[in-house]
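Here the protein sequences line up with chains E and D, keeping their order. Be aware that the first sequence starts at 1, since it is given in our numbering, and climbs by one per residue. Be aware that the second sequence starts at 1, since it is given in our numbering, and climbs by one per residue.
Any given hint could be a false lead.
With a straight-line Cα cutoff of 25 Å, these simulated DSS-like cross-link-like pairs (lysine-lysine) come out [claimed, not checked]:
{"#": "1", "chain 1": "D", "residue 1": "K110", "chain 2": "E", "residue 2": "K57"}
{"#": "2", "chain 1": "D", "residue 1": "K114", "chain 2": "D", "residue 2": "K68"}
{"#": "3", "chain 1": "D", "residue 1": "K69", "chain 2": "D", "residue 2": "K42"}
{"#": "4", "chain 1": "D", "residue 1": "K68", "chain 2": "D", "residue 2": "K110"}
{"#": "5", "chain 1": "D", "residue 1": "K69", "chain 2": "D", "residue 2": "K114"}
{"#": "6", "chain 1": "D", "residue 1": "K42", "chain 2": "E", "residue 2": "K11"}
Examples of chain E residues toward chain D, derived with CB under 8 Å [claimed, not checked]:
{"#": "7", "residue": "T38"}
{"#": "8", "residue": "A53"}
{"#": "9", "residue": "P70"}
{"#": "10", "residue": "F74"}
{"#": "11", "residue": "P96"}
Treat the hints as calculated values from the structure; they're not laboratory data. Ideal Cβ placement from N, Cα and C applies to all residues, glycine included.
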Amino acid sequence: DTGVSQDPRHKITKRGQNVTFRCDPISEHNRLYWYRQTLGQGPEFLTYFQNEAQLEKSRLLSDRFSAERPKGSFSTLEIQRTEQGDSAMYLCASSPGQGLYNEQFFGPGTRLTVL
Amino acid sequence: AQSVTQLDSHVSVSEGTPVLLRCNYSSSYSPSLFWYVQHPNKGLQLLLKYTSAATLVKGINGFEAEFKKSETSFHLTKPSAHMSDAAEYFCVVSERIRSQGNLIFGKGTKLSVKP
């Protein structure tokens with residue numbers, strides 16, 4: 001399968017712990033996006049990479065959140081000192097970065113539950 | 001600023017009857033518009049996209065949407081619903097010129113299909 005993959009698919013953690021999620025985009029896609037989806041809502045943009053450069057961050061991305069894409073391929077999203085409000089589905093998407101229409105391909109998501 | 005309003009949180013139809021999912025958008029610049037579908041426990045899948053080439057856009061699985069600039073609408077339709085169409089549908093906008101392309105999602109419309 002050459003789609004976007006995310007790991008883990010599910011994560012249960014206790015409040016105050018740190019968690020890290022991984023996203024592997026479609027090969028050779030330059031752009032990589034992270035979104036967060038809470039129950040009953042549409043996904044909300046968190047941050048975006050063009051190759052290894054993090055070019056845009058949402059105000060939703062508090063200082064407890066950090067994302068990296070060190071070699072312009074896979075990306076990690078880390079949440080430090082998790083809070084119950086961080087419980088959500090974290091989605092990763094990638095796009096070729098060509099043209100204006102920005103079709104994004106989504107992974108299956110990582111569901112985070114903070115107890 | 002961009003925004004998307006999905007006018008119905010839940011739509012229920014009988015199998016074989018038409019589907020109409022309504023979406024209005026707000027955008028300062030020429031928008032790209034998309035419809036994504038999310039089946040339970042599956043990733044978001046692109047149904048169709050508006051690229052300004054034609055106002056009536058055909059997508060996968062018999063879905064289509066019409067871009068109406070005067071009404072700022074992008075409603076999704078299908079002539080005949082199938083049981084497998086039951087899912088959550090998201091209307092999405094992206095500003096082609098100003099933004100790096102992060103997507104703005106509506107809150108979603110849950111489509112139920114009765115036998």
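Against the structure, the hints:
As the CA atoms of K110/D and K57/E are separated by approximately 29 Å, the hinted pair breaks the 25 Å bound. For the proposed pair K114/D and K68/D, the alpha carbon gap of about 30 Å is over 25 Å, so the pair is violated. For the hint linking K69/D to K42/D, the alpha-carbon distance of about 32 Å lies beyond 25 Å, and the restraint is violated. Proximity of K68/D to K110/D is assessed by CA-CA distance (about 23 Å); at most 25 Å being required, the pair is judged to hold.
Taking the CA atoms of K69/D and K114/D, the gap is about 33 Å. The hint is violated against a cut of 25 Å. For the hint pairing K42/D with K11/E, the CA-to-CA distance comes to about 17 Å; that is within 25 Å, so the pair holds. With 8 Å as the threshold, the beta carbon of T38/E stays out of range of chain D, its nearest partner Cβ sitting at about 11 Å, so the hint is violated. Look at A53/E: its Cβ only gets to about 11 Å from chain D, farther than 8 Å, so that hint breaks.
A cut of 8 Å between beta carbons decides the hint on P70/E: the least distance to chain D is about 20 Å, and the hint is violated. The criterion of a C-beta within 8 Å of any C-beta in chain D is not met by F74/E, whose closest approach is roughly 17 Å, and the hint is violated. This hint is violated: P96/E has a C-beta 11 Å from the nearest C-beta of chain D, more than the 8 Å allowed.
Checked against the numbered hints above, the structure breaks hints 1, 2, 3, 5, 7, 8, 9, 10, 11 and satisfies the rest.
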